[in-house]
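Work out the full structure: start from the sequences and follow the hints.
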Amino acid sequence: MNAQMKTGILVASLVVVAVVASFAKRSDVYLLTLYCVYLMATFGLNLTVGYAGQMSLGQAAFFGIGAYVAAIALKAGVPFLLVLPISAIACFVVGLALGFPALRVQHHYLAFATLGFNVLVYLVMRNEEKLTGGTFGISGIPRPSLFGVSFDGPLAFFFFTFVSLIILAFFLWWLLRSPWGRAFAALRDNPIRAESLGVNITAYTLLAFAIGAACAGIGGVYYASLVEFIEPGPFHFSTSLTMLLAVIVGGSGRFFGPVIGTIIIILLPELLRSTNVSWLKFMQTWYLAVFGVAVVALMIWLPGGILSIGDRFKSKEVAK
Amino acid sequence: MANEKIIEFDKVVAGYSPSLTILNETTLDARKAEITLLIGPNGAGKSTVLKTLFGMLVPRAGEIRFEGKRINGRTPRELLAEGIAFVPQGRNLFGSLSVRHNLELGGITLPRGELGGRIEEALTRFPRIKERIDNQASTMSGGEQKQLEIARAMLLRPRVILIDEPSIGLSPKLVQEVMTLLRTLADGGTTVLMVEQNVRTALKYANRALVLEMGRLALDRPASELLHDPNLNRLFLGGHVKTA
Numbered sequence: 001m002n003a004q005m006k007t008g009i010l011v012a013s014l015v016v017v018a019v020v021a022s023f024a025k026r027s028d029v030y031l032l033t034l035y036c037v038y039l040m041a042t043f044g045l046n047l048t049v050g051y052a053g054q055m056s057l058g059q060a061a062f063f064g065i066g067a068y069v070a071a072i073a074l075k076a077g078v079p080f081l082l083v084l085p086i087s088a089i090a091c092f093v094v095g096l097a098l099g100f101p102a103l104r105v106q107h108h109y110l111a112f113a114t115l116g117f118n119v120l121v122y123l124v125m126r127n128e129e130k131l132t133g134g135t136f137g138i139s140g141i142p143r144p145s146l147f148g149v150s151f152d153g154p155l156a157f158f159f160f161t162f163v164s165l166i167i168l169a170f171f172l173w174w175l176l177r178s179p180w181g182r183a184f185a186a187l188r189d190n191p192i193r194a195e196s197l198g199v200n201i202t203a204y205t206l207l208a209f210a211i212g213a214a215c216a217g218i219g220g221v222y223y224a225s226l227v228e229f230i231e232p233g234p235f236h237f238s239t240s241l242t243m244l245l246a247v248i249v250g251g252s253g254r255f256f257g258p259v260i261g262t263i264i265i266i267l268l269p270e271l272l273r274s275t276n277v278s279w280l281k282f283m284q285t286w287y288l289a290v291f292g293v294a295v296v297a298l299m300i301w302l303p304g305g306i307l308s309i310g311d312r313f314k315s316k317e318v319a320k
Numbered sequence: 001m002a003n004e005k006i007i008e009f010d011k012v013v014a015g016y017s018p019s020l021t022i023l024n025e026t027t028l029d030a031r032k033a034e035i036t037l038l039i040g041p042n043g044a045g046k047s048t049v050l051k052t053l054f055g056m057l058v059p060r061a062g063e064i065r066f067e068g069k070r071i072n073g074r075t076p077r078e079l080l081a082e083g084i085a086f087v088p089q090g091r092n093l094f095g096s097l098s099v100r101h102n103l104e105l106g107g108i109t110l111p112r113g114e115l116g117g118r119i120e121e122a123l124t125r126f127p128r129i130k131e132r133i134d135n136q137a138s139t140m141s142g143g144e145q146k147q148l149e150i151a152r153a154m155l156l157r158p159r160v161i162l163i164d165e166p167s168i169g170l171s172p173k174l175v176q177e178v179m180t181l182l183r184t185l186a187d188g189g190t191t192v193l194m195v196e197q198n199v200r201t202a203l204k205y206a207n208r209a210l211v212l213e214m215g216r217l218a219l220d221r222p223a224s225e226l227l228h229d230p231n232l233n234r235l236f237l238g239g240h241v242k243t244a
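Protein chains in written order, with my numbering: chain A, 1 to 320; chain B, 1 to 244.
Keep in mind the hints are simulated off the structure, nothing from the lab. Honestly, I wouldn't trust all of these hints.
Derived lysine-lysine pairs resembling DSS-like cross-links, with alpha carbons at most 30 Å apart [said to hold, decoys possible]: (1) A:314 / B:130; (2) B:204 / B:32; (3) B:130 / B:173; (4) A:6 / B:130; (5) B:204 / B:130; (6) A:6 / A:314.
If you anchor each label on the Cβ, the simulated ranges turn out as follows [as the list claims (entries may be wrong)]: (7) B:142 / A:273: 53 to 63 Å; (8) A:10 / B:188: 40 to 50 Å; (9) A:107 / B:73: 28 to 38 Å; (10) B:17 / A:10: 45 to 55 Å; (11) A:10 / B:127: 33 to 43 Å; (12) A:192 / B:188: 26 to 36 Å; (13) B:198 / A:10: 45 to 55 Å.
Here are a few chain A residues that face chain B, going by a calculated C-beta distance under 10 Å [unchecked claim]: (14) 179; (15) 181; (16) 182; (17) 190; (18) 196; (19) 200; (20) 253.
Note that beta-carbon positions come from the ideal geometry of N, C-alpha and C, so glycine has one too.
Structure follows, in structure tokens:
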């Protein structure tokens, strides 16, 4: 498939999503917006885990930091266009700090260090009531209004989020094709080799965390505006696990991996739960069990994620 | 000036932990536009010399000099900027990336405007790599991969190239090709400091051979002289070196 065909398919897919959303029910528009929001965070996690090879179980913490910064700032009347960079920068800085353990430990040790960070952030959200509202959360978060155009309605907010997601994806696409992207790949494949070529291992390790965190923070801003009420629950470390699952199921280190993976974790359970197909009615009660079995089966047969299916066929052909 | 000492180790002590000392007051040098071959039995400290020189290990004592300047404790990035490049042991390419992207990584410390020109220069020098430029690096043959590693190291126009066992995993024909390439680089003014287990072949291309034993320099002889030494096998396999 040449580049023109790929671009054509991509543009057609975006148009299809936009058309489907335009005619969808309110609840489905909400679900599609939630998908876009989570995809921002999983795109960032894919950069940290898939491209730079740094394990992270703390992405939900950044998602939460972005959401809380946005909630507090938006309620204080700070314009959305200012809130967005403030949240992204806040998460970038905290992400840089979280990157420091990665300079000392790797793999499952790093996973536990980042998981500990997520637990810590969750406790702050739950217990620092004056700032975060504790378990009661923060309600009445306004949706953005830019240059006199309000994005308060579900469809308007969907398109606003959708366009923002496309801009973020283009930025990440450019980044991963720049020398920075090669340096991230070198860091993942072999840090010692990378260092022998002059790749600044310290800087790129920290940047991998910081950029991934900033993406989650941006996702958090849109999440706060989408749900209009936030409390610590959605930022529990189990959400970090779900985000990591999205990256791995889709295809870690593949640009479109999170696009597929996030469909699996956000849209698939809802589709199974709300199916009206008669012979699939049992899904309404069993959807989580079916989802779990599907993920287990997928990890056994396609450990490289859904997008690795092409490679699997190719390697079988070569073996023949 | 030929025979000018470009790299000097002066009583360098280094190792992988405080309790594991590999280089025991090692004193040696490499001269400009020559291939200096480091040989010795396993554990003698050959690769450790290269890693310490390239800043991947910090010497605990002694002094390392490059063109007369002390370079102890410099980072690999700083040493690349000074003009020292390192090709580590084994396969050093990033197999998931294309040949072009591997080359681009070699020039990651260069200003972006310069990188394109340097890559073209490397492709002119290594026409076989040019033919494979858009291929995935892992699909190249062993010899091509080693050529690409050397081309990548040469992107920064280093004055010194450190190369650790370039013949590993290569067929005898490809080993000859790689050695010829290193000889050409040295004849063009680049200093080569090489660790190699394939001693007989490497000696044919080297100017000097330094034999290391237990982290100390045991012998410093012209390569051609050592090549015809009847005790060569014993030296290489770790027999005691008689310096007299």
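Hints and how they fare:
no., hint, verdict
1, A:314 / B:130, "holds, 26 Å"
2, B:204 / B:32, "holds, 18 Å"
3, B:130 / B:173, "holds, 21 Å"
4, A:6 / B:130, "holds, 27 Å"
5, B:204 / B:130, "holds, 29 Å"
6, A:6 / A:314, "holds, 19 Å"
7, B:142 / A:273: 53 to 63 Å, "holds, 54 Å"
8, A:10 / B:188: 40 to 50 Å, "holds, 47 Å"
9, A:107 / B:73: 28 to 38 Å, "holds, 29 Å"
10, B:17 / A:10: 45 to 55 Å, "holds, 52 Å"
11, A:10 / B:127: 33 to 43 Å, "holds, 36 Å"
12, A:192 / B:188: 26 to 36 Å, "holds, 28 Å"
13, B:198 / A:10: 45 to 55 Å, "holds, 50 Å"
14, 179, "holds, 6 Å"
15, 181, "holds, 9 Å"
16, 182, "holds, 5 Å"
17, 190, "holds, 7 Å"
18, 196, "holds, 5 Å"
19, 200, "holds, 6 Å"
20, 253, "holds, 8 Å"
Of the numbered hints listed earlier, not one is contradicted by the structure.
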